[in-house]
Each structure stands twice: as C-alpha cells, then as structure tokens.
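Participant: In order, the protein sequences belong to chains A and B.
At the far end of the first sequence sits residue 598, using our numbering, and the numbering has no gaps.
At the far end of the second sequence sits residue 1175, using our numbering, and the numbering has no gaps.
Since the hints were derived computationally from the structure, they do not count as laboratory data.
Backbone N, C-alpha and C define an ideal beta-carbon position, used for all residues, glycine too.
Every clue listed holds true.
Per the computed footprint, the stretches of chain B lying under chain A, defined by three or more beta-carbons under 8 Å from a beta-carbon of chain A, are:
1) 1041-1047
2) 1063-1072
3) 1122-1133
4) 1154-1167
Sample of chain B residues at the chain A side, in silico, Cβ under 8 Å:
5) E1031
6) Y1034
7) V1059
8) L1087
9) E1091
10) P1110
11) P1112
12) I1113
13) Y1136
14) L1170
Each chain is listed here by its residues.
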Amino acid sequence: MHNAKNTLRALDRLEPPDLWDDVHRRSPGSDRDSLPARRGRWLVIVVAFALTAGATSFAIRALTSDTGGKVASLNTSTWHSRTIDELGLAYIYPPQWHVQPFSERVGHVGFAGVVLSNGSSDLRHPAQPNSATSAWDLSELAADGVVISIEHVFALSDGQEPDSRFPLSLGDAEVVSAGKARAGTQAFLLQFGAHGHSDYVRSWFGPEASRHDQQVARLIVAGISLAGPSTELPNAALDPVAICDVPEYDPNVAVLGDDFSSVFGEVGPRTFPLGLLEAAGDPGSTIQGAAADALRLYLASPEARNAPADGWRAIDETADEVIFAAPPNGGYSDWWVVRFEREGEVWHPRETELVDQSITPAQRGHQLELSWSGDVAFEDGSWNSGLILTNDRERAWSADEQAPAIWGQAHVFDAATGMEVGRTAQTVGEWGTGISVPASDSVEVPLSLGGQLGALDPGAFDVVACVPQLGLASPVGSLRVIDEPTTTNTRVLTYSYTGIAMTALGGGILVDHNGCLAVAESQDDPRPTYVLWPDGYALVTRDGRTVLIDAVGTEVAQMGDEIQLGGGYGSFEGAIGDVPESCRSGGQGYFIAGGPA
Amino acid sequence: MDEGKGLEDVYRAQAGRMWRALVGFSGDPEIAAEAVAEAFARAIRDEDQIRDLEPWLWRVSFRLASAELKRRSRSSDWTIAPTYEMPDPIPELIAALRCLSPNQRLAVVLHDYADRSTLEVAEALGCSRATVHVHLSQGRRKLRSLLEATDA
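Put together the whole structure using the sequences plus the hints.
Facilitator: Here is the structure:
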C-alpha cells in the first residue's frame, strides 16, 4: 500500500540546482501568472531533444569490435528486405548486420523506425535506472562501429513535407555532433520526406570504421524506398486542450451578442473588457472622441428615437471604425450598439443592434472539470457515457439559460494510428435545459457519439469529449466498440443544428425511400418527404430493431413508426452537397427537423 | 527585511524543497528551476508589498509553473517535455503524478510533500479548503492505484 506522504519522499533524492545567482540576475516578469518568455531557448531544447530521442532511443551497448567475422557483401541482391510499416518505408540490409526495429515513447515523444548496425547482436535500452530518461549512451559504440538509424519523430510538427527523390544519398547528409560517442566518431543527419512527413536517417561511423562497412551504410541509405501507401502516423499525444480548442479563462471580459449578431462588423458575438462595460459612460450630448459628432447626429435622427441618451462609451475603436454602446432604457436588452465606419473624413452609422451581455464559456465552466468514470462501451446500439462533470466550486453550479443542454461532443481517434475517426456531430441540445451540480459534487453528462457511428467498426478507440459551452475538454478516454454500430444501409441526412428551428409540425411514417430516411403518409406513399435531421442523428440496431437515435443515443423512433416532428419545410437543394442523387427532393424540398415534436 | 540577507535565508531554507515539489508537480526540472528563480526574483522586487513571504513564494512559484504547463500544452511548438536522468523511483512517481488532474497533482504535492496547509493549497488553487480535500482524496487514491499497478 502506497502512502502518499511516504511515496512523495522519493523526491528528496533529487539534487536541486543552486538558483540564487539566477534569482539576482534575472529581470522578473510582470505578468502575474506567466514565466518570462524564453521561447527561443525552449525551442532549442525541443529540437535538440527530439532529434536525439529519435536517433538513439536505445543505448547501443554491444557494438563490440568483433565484426571481423561478419563481413557483409556489397552485392545488395544478397541482402534482405523489410518494411517499416508505421513510416511506409522499405529498406534493405546485409544479413550479417543487426536489425533493431523500434517504436517507443519518451515523455510525449513517440518515435519509430529501425536501427541497423554492424555490431554483434544486442541493442538495449540505456543502462539507466528506468526508461524514462532521454539520456543517450553512445559511449560504448565500438571504434569500428557503424550504425544507421531510419526514424520518424512523431512529436515534431513537420507539416506537409514533399517526398524526397529516391534513392537517397548519405553524401547529402549534414555532419552533426556525435554527442557522447567516442572521440573521432563521425555523425551524419539526413532529413527526407516520405508520404508527406519528415523522416531522418542518422548514422554514426566509429573512428576506425572500415571503408567496407561505411560503404554498406551508404548502400543501406540508398536502398531506402517508399513502401506503398503509408499507414497513418501514430499520434504522439492527443492534446484535449487543442482538440477542443479550450479557451483561456479571463474573469475580466464579457460577451456581447450571439451567433447571429452582425453589429460588430462580422457575424457573431464579441468579447469586451468588463471594465469598459461597467464604466458609467457619458451622455451622448457630451461624449468625446472619434465619431462622437456622428453619434450625436445619429441620436438626433428618427432612427434613434428610442435609443438611450446617456451611458454611451466607445467599446471598440480603430482608425476606420468605432463601435458605441449604451444600456437601453427599459431593460429589454442589455446594450444598444451602433457601429460607425469612416469614409474619408465622414463617419457613417452602419448598423444598430440590441444585444445581450453574457459570460464567456470559460467563465461558465470555471472550476468545473471533466473526467471519465470508466471506458465508454458501444454495444447493441447503445453506449454508456462515463463522462463526469465535477464542480470544484464552493457553491452549486447550474447551467444558465444562455447555454443549451450540456453534453460531451465526442472526438474519436483510432487507438493505433491516432487519426480521428468519423466526424463530431455539429449540433447542440435544447436551450435552457440546464443541469445542476452541488458544490464538490459530480454528475454524469451525456456523450454525443451519433456523428461517428457510421465510421466506427468494432475495436478500441481513444475518445476526447468537448463541452464547448463550458470551455472544457476531457482527458483522453477509451471507447470500445463491441459490435457493429449500424447494420442498415439507410442514409440519415443531417445538418448542423444550432438550437433554433422552425416551429411547423410535420411527420409521418418513418421509411427508407431510395436509400434515405424519410417520412411517408402511408407505407405505400409514392413520394415520401426526406427529412434533414440534426447532426448526430443515426440509425442503429437495438434488440434486433432498426431505431433512429439522437446525437446522445436517445431513441427517437423505430423504422415504421409514425413520428411527429417540429421544424419546417425548406428547399436546400443547392446548399446540400452530400445528398445522394437518389435522395434529391427536386422541387418538393426537405423537412428540416429540429427534433421530435 | 534586509533584502539580500532575509530573502537569501528563506531561499536557503525553502528553495530546494520548493524545486523538488515543483519537479513533482510539473515533471520538468527546467520548469521547476524557472518557477523558483522567478518567484524569488519577484519577491526581491515586490518585497515591500508581501506580507507573508514564505506562503507567497510557494503560491507564486506553483502558479508560474502551472501557467507554464498550460502554455506549453497549448503551444504547437511545445509538445515535448525534456526528460532528465532521475534516480529510481522518481520517474515512475512523476509518471503517476502526471496521470492526476493538475488540481489533484498540485494539492497532493503541496500538501503531502511540501507540508503546506490546506489553506495555502486552497489559495494556490483559487478554491475552498473543502475542494482541496476533495482533490487530495481523489489524487491520493489515484496515485496509490497507479503506483500499485506499477508494482504489480
């Protein structure tokens, strides 16, 4: 049994550096919670580490000098051929040489490839107390040792690298430091592109390496080739913060407007400093600054007859644009906003809008935390959520009415390749459907998995859940798909549902019509109506039945059931690019469903 | 306080333990060293405004380290944490600590290693002492199970 206090005493074995001189030398930063930027320095560490890690993930112990009896032929037709599946590369080597494929992680770095050497046999991990060290031990490289490492470092962001022209040549490599290898060792680095990513050949020639073995090394490098399509590269470390685009928490800002606001120059809400909004503001008659006269003219116009006379302040200002805001009379909205643009020397009012003020997602989700209670398992058309929302606040937390129903939007990744599988449903739940979590307590929230079901096969996956309304990301969890998610060929047409839908009623019997899900007046209706469902709706097989589920797995209806839908008719023919030709509605249009009525 | 002498006394008494605790929290001796040095440098600059120096230093150094970890996790250029040679069983301890949430990790390291009070931990986390107890409980349980799994 581990006691935390006793266990942590192990840290006492670390020898701390003496930083007192550094304390006196440095200029302390001003940002309360940030270390002063030392970006260049970090980058140097990153690159140095990554290249070294990729090069010599294993210490090479047994490259002893007994290579005399193992002279490799220079006739490559006698050599063996292998592939590095993870990199989509093929290579050749003489049978006398040692081959050490590797696929490892150190810290957040993943790297894979193969080490080829003229050593006797063993390659091993460094003689360190553990494998978590990134220290490389080339000190035992034999004087006549020759080592070639073909490798990829998965943590390096290498973008799209054009494929190199093959064959490669060791003559194109640059000379690099041999690190801790014995004096006189030569080291070379050759970067090349394959299947769109950057790979490396690193080589070390001991000070007494024979010309023959050096030539073998050159032939090995020249023998590297593309081995058909690359399997997708493993993802070194899924980063939930990046996957979910988690926003920074800033208590000193507020959001004005919503997804449909246009007064800020572009459609959507905008964040403003709270101090600016909490200031008293000025009467429109006396406010000063750019476009102030234009504001007065505007306020005197019939268009602004209901506009507030007082409380005006510029909330955004550029050389060509000024946005003013004031709290309107009567409390029917939070802010009366008017935007001016300059043409020459004249300011013109461009847009006026009444907008509400709200908190940011990060503020809404501050001191909340997502975690997993266990694996997510998909079986028989259903899945458990396992996504836990914990309230770390001192008081109870409730979803406010400005947020739709809280659920986790799943991002699913192939556990082997790290590549995302399927597509996260772009839809939200019902607005104002809040949940409440007592202080220091947790609740399970639904997990939206409907968008991925068509792409999932039985197997193991990594999953990250995002709750954008709260600016939260879960840790990486596990998803096990136990049986085939869907066994029907009926296509469910979907659209991105923002929580707002038309309010007409529609519906009928749920049928397959020409391969797409539709509603019909009767089983023999010759012209059923195709339905556009909120993204994430899917057909699954449950208990042997084919049922329509929503994004979080709630059963909506069974095929053949009569269903009533809220929504409205629309002809989106031109806007829908992914509708099979057989399911084009022609002039009839689609029923755009907000959900079951 | 005599700037040089008083602070240096605190440094000699606390910095080593602070650095070790920060290594446990961040898993990175470099971040730990930066956070300690920066916290003490700020203490020299702002000494007149600091009422209780020792808790202030702990709080500031952990906030700096925490912010740096967040910054690196969001920065595309920082996907790699340098690792260093460390004696057993520290690497596996750090690996286990990394599996805790940041709040749990901070609470466990500050309270159970550095012997800071739950009030100080609460101030560092910006939460209540009750919440600290939750983090401690969850963090200890998770750490124990992780290390027992490693032992097995």
